[in-house]
Amino acid sequence: MIQQATSMENEHIEVRDLTMAYGDFVLMRDLNFTIRKGEVFIIMGGSGCGKSTLMRHLIGLKDPAAGDIYYNGESFISASADQRELMLRRFGVMYQSGALWSSLTLAENVGLPLVQFSSFSKRQIRSIVSYKLSIVGLAGFEEFYPAEISGGMAKRAGVARALALDPEVLYLDEPSAGLDPLSARRLDDTILELRNSLGMTIVVVTHELESIFQIGDNSVFLDVDTRTQAATGNPRELRDSCPDEKIRNFLSRGELGAGKPPE
Amino acid sequence: MHSAGILLFLDLMSFTSSRPAEAGPPMQLLSVSGGGRRLELGSGWNGPGLADNLEKILAQISSTGKESGPLTFSENGLDRHDALVASSILEIIRAAQAQGLEVQFETLPDSIRKLIGLALAVPPREPESHQRDNLFTVIGKKSLRILQGSRHFFEFAGELTYSFGRLVRGKARFRREDFWLTLQSCGVGALPIVALISILVGVILGFVGAVQLRKFGATIYMIDLVGLAVARELGCIMAGIIMSGRTGAAFAAQIGSMNVNQEVDALETLGISPMEFLVLPRALSMILMMPLLTLFADALGFFGGFIVALPMGISPGEFWYQLTESLSLQHISIGILKSFFFGIIVASAGCYYGLRSGRSSSAVGEAATKAVVAGITWIIVLDAAFAFVLEAMGW
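One line per chain: the protein sequences are A and B, in this order.
Residues in the first sequence are numbered from -16 upward in steps of one, following my numbering.
Residues in the second sequence are numbered from 130 upward in steps of one, following my numbering.
Simulated from the structure, these hints should not be mistaken for lab results.
Where hints are given, some of them may not hold.
[Stated by the list, open to error] Simulated crosslink set (DSSO-like; lysine-lysine; CA at most 27 Å straight-line): (1) Lys105(A) / Lys185(B); (2) Lys270(B) / Lys499(B); (3) Lys185(B) / Lys20(A); (4) Lys20(A) / Lys45(A); (5) Lys195(B) / Lys243(B).
Predicted, not measured: the structure shown is a model, and the values here were computed from it.
Here chain A stands alone, though its shape is the one from the complex (with noise of 0.2 Å):
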C-alpha cells in the first residue's frame, strides 16, 4: 500500500540545469525550477515548445541530454533501477488521450495498478476502483470498455487510473483539452480538492488559460524561440507583472494588443 509521503520538506520536485534533446536537436536547455509539496504546477507554452517532452523527462520516460530531477531530494536521474521504480510507483500519470489499456474494462485498467502494487483484497479493489470513477464523475461505468465511452470520458478515466495508487504527485498532459466546458470545470475542482484535501502535488501541462488561472500555484512558462524557461511565478501574477511581454501577450490571449502576437 502506498502511504503518503510523511516528509515536510517543501520541496518536491527540484528540476537543475535540464537539457532535453531528441538527438542532436536541442529542445529545451537550462530548465531550473522547483515544485513545492502540495501546488498545482502548470507547465505552459506555445504548442510544440516541449511541454509534453518535459512531463517524458519527469516521469523518466525519457532520459535528459544534462542536469537532473530530484524528488525529495534524491536524484531521479541516476537513482539505481530500483530506487527509480520505487520512485516512479508515487507517481500516477494521465496521459493525453488517456492511454486507457483498450482490451480491460474501465474497472479493470483503474484496478490493474492496484492489483499488481497493493494487497486488497478483490472486493477493497472493487471498492476503491469504484470511489476513484465516482470521483472522475464515471460512476457506474466500472463495466465499460474504452472503446465504447467517449473521449472526455477516457481522459477523466485516465486520471481515475492515475489517482488508484493514491501518488504523492500526479502528472496530468493536457486534462481539460477536449473536454465540454462542465466536465473541465469538474476536473478542476477535482484537481484542487486533490490537493486541499490529499496534498498531492499535482503537475498539469496545459495551455487552457481559464484553468491556468483557476488551478495555477506556480507555473512554468517554455519558450520555443529561446529554447529555454522565460519565467517561472504564479500565473495570475505572470500575467499582471510579468516584465516580458510575449508571457503576458500569451496570458492574456494577446488581448494587451501591445505585442505582436507569437509567431
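We have chain A already, so just place chain B on it with the hints.
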C-alpha cells in the same frame, strides 16, 4: 425498530468473538443516537479489520429503515485518510441513500467530505437491464448476423468489381506510389520466405515419396510425385497461405489502424472511395504477384525434390528428363490459374476485415486474425472445389 436493535447487538457479539483483542479496540458500528444512526469513524478504521466491519455496517444499513432517522458521522481517532477509508464511506453512503436514509454530510471529516461530495455529484449510471435471450432468439440473432455479414461481403465484392471496372476505364483514383510499394511487398519482399517454405516442402515430399517408392524399386517416380503435387497443388497453396499470413494480415492491420485513426473517414469525406484508394492497389498487386510467386514456388519445390533425388542415385539428367516427361504445361497452368483466385481471396479478406474492423487496438488485432483465418480457409475450400471440377473435366 426493536428487531433492528437486536440484530445490531448480535452483530456486535459475532464481531467481538471472532476477532480477539489483538485487533485493537473494536470498531464502533452504527449506534443509535438521538433521532438517528451515528457512524463513528474511530481508531478501528485504521486497522486491518476494516474489511469485515464494512460488511457488517452495510448489512446493518440494509436492515435499517427510513424511519430510523438520518445517518450522521463522528470522527474519533481516525488517522488514516487513504482511498480505502474514503471508498468504504462512499459505499456506506450509497447504501444508506438506497435505503432512503438521510445522510448528514456536514458531519463528515473535512478531509473526506469534499472528495465524497465530488464522487456523489454525478449519479451513477443505471446499469442496462440485460434480458437473457432464449435459445431461439440466440439462433435467430446469430443467423441474422451471418446473413448480414455475407451481405456486407457481397457488397464489398461488388464494390471491388466496380472499382476494377473504373480502373480499366482509367477513372480509378489511387496513388501510383502506393501501388508500387504494395507490389514490392507482395512480390520481391515475399521471395525469401516463399523460397524457404517451397524448398522444404519439395524436400519433404521427395523424401516421403522416395522412401515409399523404393520398396517397389520405383524410386525414379518420386520425381513425378514431387512434380505433379507441387505444380498442381502445393506450389500455389503454399504461396497462398504464406501470402495470407504475411501480407493479408498486414493489409488488415494497416487498413484497420487507418480506420481507428479516422483516416478512412477522412478519405470518404473528401469523396475518395476507400475501395479505390486503399483496396484496389492492394488487390491489384496481389493478383499480379500471386501467379509469379507460384511459378517461383514451383521451381523451388522441384529443386527441393532434386536435392533429395541426388543421394537416391538419380542423376541430374534423369531428374530433368523424368520431370519434363511427367509434367505438361497444363499442370503448371492449373496451379497458376488457381493462384490468381487465391490472390483475390487473400487481398479481399485482408482489406475486407481491415475496413470492417472496430475502433480499438484490440479490434485491429482481431481484424488481422480474421483476415488470415478467412484467407486460409477459403484458399483450401476453393482448392478442393477446383480438384472436384478438374477431376470431372478429366484434366
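Structure-based check of all given hints:
no.	hint	verdict
1	Lys105(A) / Lys185(B)	holds, 17 Å
2	Lys270(B) / Lys499(B)	holds, 21 Å
3	Lys185(B) / Lys20(A)	violated, 38 Å
4	Lys20(A) / Lys45(A)	holds, 23 Å
5	Lys195(B) / Lys243(B)	holds, 25 Å
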